[in-house]
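Following the hints, put chain H in place on chain A, whose structure we already have.
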Amino acid sequence: MTRFSPFWILLLLLAGCFSLATLLQPRVDAWDPQAGSGGVLKLILGDSRRLIADQFMEQADVSFHSGYYPSIFDERKAPKGTAHMTSKEGSAEEEDHEQKMSFLGPPRDFIERFGRHFLITEHTHLENGNQREILPWLQISANLDPHRIDTYTVAAFWLRNSLGKVDEAEKFLREGLRNNPGSYELWYELGVLYSENRHDFVKARNAWELSLRYWQKDEPAKKEPDLIGFEKIVVHLANAEERFGNLEKAVEYYKMALKTSPNPDVVRQQIKELEQKIGSQQSTNLTTAHQP
Amino acid sequence: MNTIFALSGVVIKELCRRKDFYVLFILTAVLTALMGFANFFHDDKIVRYLKEICLLLIWVSALVIAIGTTARQIPAERENRTIFPLLAKPVSRAQVVAGKFMGCWLACGLALIVFYIFFGVISGSREHYWPVLEWFQAFWLQWVMLAVVVAMVLLGSVVFAAPSSNGTICFIVVLGILLLGRYLNQIALREPEPLKTVVYGLYFMIPHLEWYDIRDFVIYDRNLIDWTSCGLATVYGAVYSAFLLFATWLVFRRKALNV
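Protein chains in written order, with this note's numbering: chain A, 1 to 292; chain H, 1 to 259.
One or more hints might be untrue.
Claimed, not checked - Cβ-to-Cβ under 8 Å is the rule here; a few derived chain H residues that face chain A:
| id | residue |
| --- | --- |
| 1 | D43 |
| 2 | I46 |
| 3 | D216 |
| 4 | L224 |
| 5 | W227 |
| 6 | Y240 |
Don't read these hints as lab results, they were simulated from the structure.
Since we're looking at a predicted model, the values are computed, not measured.
Every residue, glycine too, gets a C-beta built ideally from N, C-alpha and C.
Chain A extracted, bound-state conformation (with noise of 0.2 Å):
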């Protein structure tokens, strides 16, 4: 009797697991229609991804300083939020934030004093197109967690502004939109891309339309709704309106800005303005349709 190899039997239960693979697969896959959807990460690692994406986006930060970040044992902790990352320079964000990173304090002994030199000290901002080098960190966050807003929203920025990379950030924005379609935040930065970089001030309008409506939807219910982001969404969409000649509009969004915005004075006089040129156009309006 012929003696088959060890090889051939190896080979043949090889064979054998890749049949019963491509038959049960689908059926595993039919168990459980959720598990697949969050993709490779989402099987490895489950809910933790979220806390390995928190981690990323503070590396994020971290090279957004270059380095100079504090530790969990330093006095005062790490920034919360992301607003600083796209805040600009004078502003108030800016200036709170800037008071915040003086964590370090005076050297309270001679080997502290000493281990300074070996430390980065200085408080300062990626510039001049470096703001690239926290994309790789954003990136990699968003994998992991895809309902993370601020991701999308900070890349977008950077990627929008300093690197004159607009596709890029339409798509990464879109992409984010796709993983949460209800988001007020993505739908008003999308608006912002159309109107400061594409100029196509219908399909801002449009985004932030969409974006009062998901803030209207959801935001109110919460215990701190956030009234800046709303001041935002209708401030812009009263200068769409008001671009396009609706001043009835803008003056209705106006009057909700009014309600949250920190300058009600300066909402005031630009109702104010408003009124008034709704005021000369129906006057001028109506001596033309008196004339014979």
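The following block gives chain H in isolation, referenced to the frame of chain A:
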């Protein structure tokens, strides 16, 4: 001195013969290359994430090589009973300790040179910028730190029973110092007495290995650290290594060599 160099030559040859360094280097190269091929928003100027990952891998690999190589030196000589002909040459126990230290430290230096050349090629070819002095400073300080680690592991190898336990303990201690050493004074100040004094005392006693980790300066293209501070850190590392080596000799000179 010739005896010490002859002993260290044997250790370097051992590192060349063993697969540890090659495996770690290939792993570092493959992981870095894989990350280098990643495409982030079609921007090929992004480089700092790659430097960060590469340097982290270099640090981990260097620690594994230093601790792994050193931990088995004296126990292996005792286990194989080659320590007896070695001491009969005649070679004193102090020379054995010094030779083993020198060999492990030089072997680490050679491994580091290869790693940093790889890092320089990867970083320079992506950035089109070659800050050789910054790389040299990072290499030098890491090598000085490894001297302290090698001396610490050598002491562990005459105190602890097995190389595996010595390696694990030393790895935990070194990682602990690298991660917490800088903050022990802050932790101490928040504790009540007598814990405060104990933790603060520990803070002054431990070798501050975290000083030698200047990866951030290389990653974020910061200026050079002043050479006086580098020199002082080198002296600090040398004194700590000498202290640990002296302690190793004190334990080793009275130690029974039979396993």
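Do the hints match the structure? See the list:
Contact between H/D43 and chain A, as hinted, is supported at the beta carbon level, the nearest pair being about 5 Å apart and thus within 8 Å. Because the smallest distance between the Cβ of H/I46 and any Cβ of chain A comes to about 5 Å, under 8 Å, the interface hint for this residue holds. Satisfaction of the interface hint for H/D216 is found here, the shortest Cβ-Cβ separation to chain A being roughly 4 Å, below the 8 Å cut-off. At about 11 Å, the closest approach between the beta carbon of H/L224 and any beta carbon in chain A exceeds 8 Å, and the interface hint on this residue is violated.
The beta carbon of H/W227 is not positioned within 8 Å of any beta carbon in chain A (closest approach about 11 Å), and the interface hint is therefore violated. Using the Cβ-Cβ criterion of 8 Å, the hint placing H/Y240 at the interface with chain A is not satisfied: the shortest such distance is roughly 13 Å.
The structure fails hints 4, 5 and 6 (numbered hints given earlier, in ascending order).
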